[in-house]
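Chemist: So the protein sequences, as listed, match chains E and A.
Using my numbering, the first residue of the first sequence is number 5, and each one after it goes up by one.
Using my numbering, the first residue of the second sequence is number 164, and each one after it goes up by one.
Hint data in this document are derived by calculation from the structure and do not stem from the laboratory.
All values derive from a computational prediction rather than experimental measurement.
Think of the CB as a built atom: it goes at the ideal place given N, C-alpha and C, for glycine as much as any other residue.
One or more hints might be untrue.
Taking lysine-lysine and the DSS-like style, the derived pairs with C-alpha atoms no more than 25 Å apart in a straight line are [said to hold, decoys possible]:
hint, chain 1, residue 1, chain 2, residue 2
1, A, Lys233, E, Lys57
2, E, Lys136, E, Lys91
3, E, Lys91, E, Lys57
4, E, Lys207, A, Lys687
5, E, Lys70, A, Lys233
6, A, Lys272, A, Lys233
7, E, Lys209, E, Lys70
8, E, Lys136, E, Lys70
9, E, Lys210, E, Lys91
The calculated label-pair distances, taken between Cβ atoms and stated as ranges, are [stated by the list, open to error]:
hint, chain 1, residue 1, chain 2, residue 2, range
10, E, Arg164, A, Lys431, 13 to 23 Å
11, A, Arg366, E, Ala182, 35 to 45 Å
12, A, Glu644, E, Gln37, 35 to 45 Å
13, E, Ala77, A, Gly679, 55 to 65 Å
14, A, Asp607, E, Gln80, 26 to 36 Å
15, A, Ala664, E, Gln187, 47 to 57 Å
16, E, Ala32, A, Leu654, 38 to 48 Å
17, E, Asp6, A, Gly222, 29 to 39 Å
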Amino acid sequence: MDLSALSEAVIQGNIEKAKELTQQAVDAGEDPQILLDQGLIMAMDTVGENFAKGLLFVPQMLRSAKTMQECLAILQPHFQAGSVTSKGKIVLGTVKGDLHDIGKNLVAMMLEGAGFTVVDLGVDVAPEAFVKAVSEEHPNIVGMSALLSTTMPSMADTVRALSEAGLREAVQIMIGGAPVTAQYAEEIGADRYAPDAGSAVIKAKKLVASA
Amino acid sequence: MKKNAKGRKKKKKKPNQVPPSPKGRKILWLNVLPEDMWIKVKRGATVYEALQSRGLDVGGECGGVGTCGKCKVRIITAVAPPGEEELELLTAEEREQGIRLACRVRITKTIVVHTDIAPGQMELFQILKDGHVPHPPADPLIAKHAVRVTPPSLQHPESDFYRLRAALGPRFKALHVSHHCLSELYSNLRRADFEGEAIIHRRYLVDFQPPNSPSGRYGIVFDIGTTTLVGKLIDLADGSEVSVISRLNSQARFGSNVISRIQYVRQKSQGRKRMRELLLRDLNLIARRLLEANRLNPEHVFVAVAAGNTTMQHFLLNLDPSGIAEAPFSPVITEGVTYPAPSVGLELHPNAALYVMPAKSGYIGGDHISFILASGAFHESDGLILGLDFGTNGEMFLGNRRRMLTCSTAAGPALEGARISRGMIARAGAVEGVHVGDTGLQYDVIGNVKPKGLCGSGLVDMVAVLLHYGVVDGSGLLGPEGIRESKELFLSRVVAQADGAVHDFLVAGTEESFYGDRILLTQKDVRELQLAKAAVAAGVQLLLQEMGAGIEDVDRILLAGALGNYVNPYSAMRIGLIPMFDPSRIESVGNAASSGAQMALVNRRHWHEAAEIVDHVEHVELSVHPDFYDRFVREMDFPETNLW
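Please put together the full structure from these sequences, using the hints given.
Modeler: In structure tokens, the structure reads:
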């Protein structure tokens, strides 16, 4: 089945059209896993790439993500229990002293759209809270966000805390936020820097694939 | 004495921060204007190396090997004539103006350079100095009282101070006297033949001078911005402005925003001290120039009022601003304070008082309270006043004497040039306005030179024009598809990036730009502007929501600060930076921070009123507001409607 129309509807953020196409496909007996992977997730990949390039912006990306979620709700009952395969698990949070959550929320939404399981710890997350979440959730990736140059050092503290807890080797660490740079990621011993939500998805996929 | 000894010690420790003493002949110095920075250099080092060593960027892409021709500076001191490379890379005109390549000039004696190479560079920073000051009746913080003192006699053998106090009348029965005043009182009284003026600050006699002395007649107002500093000399007799001087904040080399400066303070053990010294040196320079221009001495001035954002006020008072930089953003103090100017470090009369305006919170500083004070909104009984200040951090207020709300929003960076690829502050070479005329795109460029980049008002105009002609669509996408009119003009300037899908707009080609390079407004720049304007617009919407009002309930919109003054309100509405509103009721009020501080200076009632405003106004914290996210996202698109 040609899923390009469905992908296009998700990319356009056309909720009604996408839902209709999803329902039709389900009614026609299409495999929900294929609809998810080749229709919805591939569309969101394109959305992420276009966002990273600047071709579309936050409102458009959010609309696509919402479209994806609505379609997913239609697919959900058709999956046999436990048969949806997660692309990986990521524990995410804005670091201690920092209350900015918009960028972090976008990353969470895009990662979910790409098939990841996301555990969002919220904002003002202390290093100990990251450590606790990692030991309980066993994620593939830890993602940290900081929007203030004064709270960036908390990222380094968290990396250190994970090392001290003996959990550093168990996870990949990805960081982002306006004042953060690739060089800073290297300095504090994080694995990746992602400049935006679109790039975060691309890099998260690579991190999971390489692990 | 002790102070002097200390001062000398400081000089030895940090020679780059102060003018060197003439004793150090063996050491060579590079004096960098306009910052007036002194850099110790090794003989034979190039100007480029010296500037690099201090982290001063003068441009340059070749790393100082003399091939790119970008590291231009104006050498003010006479130096050896230019060599071959410079002859090739500099025009005859540039050489005539003393412009040289920093990487080709070797330092063999102490020299002075100016890093801005535009002609007439000294006056070309477009800093907003003026504000509209409602002239309150003068009742200044420092008062002068004409007085005739009974000369001592056998009938009146009382002390000089007793007779002076008696002459001032029963109001001053409890008058105190400063030690400094007292130590000069004997001769001052007699020199004036017992008739003169008593200068009184609160309950203290601080000086006695002959009639019409300039002493105590003037006060100074400081507007301490993150980017720019403004000083005004005010005649306290009638509240009028005598002189205004501004300069860029020297702290800027440690970051363009308060967060990066606080970060510096946290990382360096001497950071706070250094920040304070830089600020005080700037303020003292401003004060000295204001006074010199009016043939006055620092000793003539007994009062100054300072208004700045909360962080700057912390630096001024030598308080640790660290708490402001992270949640819960708590400052050391928000109340207005008064301290002896010398103990703060201002070089005025030894008995001078410095008043620092009250703030509301870590991000609602004395500058914003001054804006509210100057706006008169506190006395408005019916209509709502919406005040917007687009500084490095955007602040706004909404309300009147019944209720008033305020919030701050991180809008500034893009609107002041940061995070915009060719963004710059309003200085020589900045495009500050864009028009489309018969001959195509026309730019207003500060300093009448070819453009170097875009400042805030230029950026807003540029994007508004591109929206108008369809080069940018409502979602912020830049491209050739939607161009509606003047197709050839705009098509030729829409440039595809390497992948072909993303487009940028050519503001100036190699022939048109100052540096002979291409100035692009990139797709990402448009995105940054969307974020900035969405933050402001969301703030306005949330204040209206909290007030339970709509934009139709707003009586007037006041725009403060440099951008507020220079931005075209139509363009600001076109991009959605300010809500759609009757343009005749939008007012640019100029440098409102200094206007409010000036009001407090010339009438003490306003000083007290500032504290009442702080109590009256409610702070809305956007970062934890449940609706901020939705509003912010909703405001990112450009509006469809416009008044053009």
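Chemist: With a cut-off of 25 Å on the C-alpha distance, tell me whether A/Lys233 and E/Lys57 pass.
Modeler: Outside the cut-off at roughly 30 Å; violated.
Chemist: Taking the beta carbons of E/Arg164 and A/Lys431, is their distance inside 13 to 23 Å?
Modeler: Given a distance of about 22 Å, which is inside 13 to 23 Å, the answer is holds.
Chemist: Would you mind confirming whether the straight-line C-alpha gap from E/Lys209 to E/Lys70 stays at or under 25 Å?
Modeler: Since the Cα atoms of E/Lys209 and E/Lys70 sit roughly 21 Å apart, the hinted pair holds (cutoff 25 Å).
Chemist: For E/Ala77 and A/Gly679, compare the CB-CB distance with the range 55 to 65 Å and indicate the outcome.
Modeler: 57 Å, holds
Chemist: Is the straight-line distance between the alpha-carbon of E/Lys207 and that of A/Lys687 25 Å or less?
Modeler: Since the Cα atoms of E/Lys207 and A/Lys687 sit roughly 20 Å apart, the hinted pair holds (cutoff 25 Å).
Chemist: With 29 to 39 Å as the target window, see if E/Asp6 and A/Gly222 comply at their CB atoms.
Modeler: Given range 29 to 39 Å: violated, Cβ gap about 54 Å.
Chemist: Does the Cβ distance between E/Ala32 and A/Leu654 fall inside 38 to 48 Å?
Modeler: Holds, at about 45 Å.
Chemist: A/Lys272 and A/Lys233: Cα distance at most 25 Å?
Modeler: 24 Å, holds
Chemist: Take a quick look at whether E/Lys70 and A/Lys233 sit within 25 Å of each other, Cα to Cα.
Modeler: 49 Å, violated
Chemist: Could you tell me whether the CB distance from A/Ala664 to E/Gln187 stays inside 47 to 57 Å?
Modeler: The hinted range 47 to 57 Å is violated for A/Ala664 and E/Gln187, with Cβ atoms some 28 Å apart.
Chemist: Between A/Glu644 and E/Gln37, is the Cβ distance one that fits in 35 to 45 Å?
Modeler: 37 Å, holds
Chemist: Given the proposed pairing of E/Lys136 with E/Lys70, does the C-alpha separation stay at or below 25 Å?
Modeler: 31 Å, violated
The structure is inconsistent with the numbered hints 1, 5, 8, 11, 14, 15 and 17, although it conforms to all the rest.
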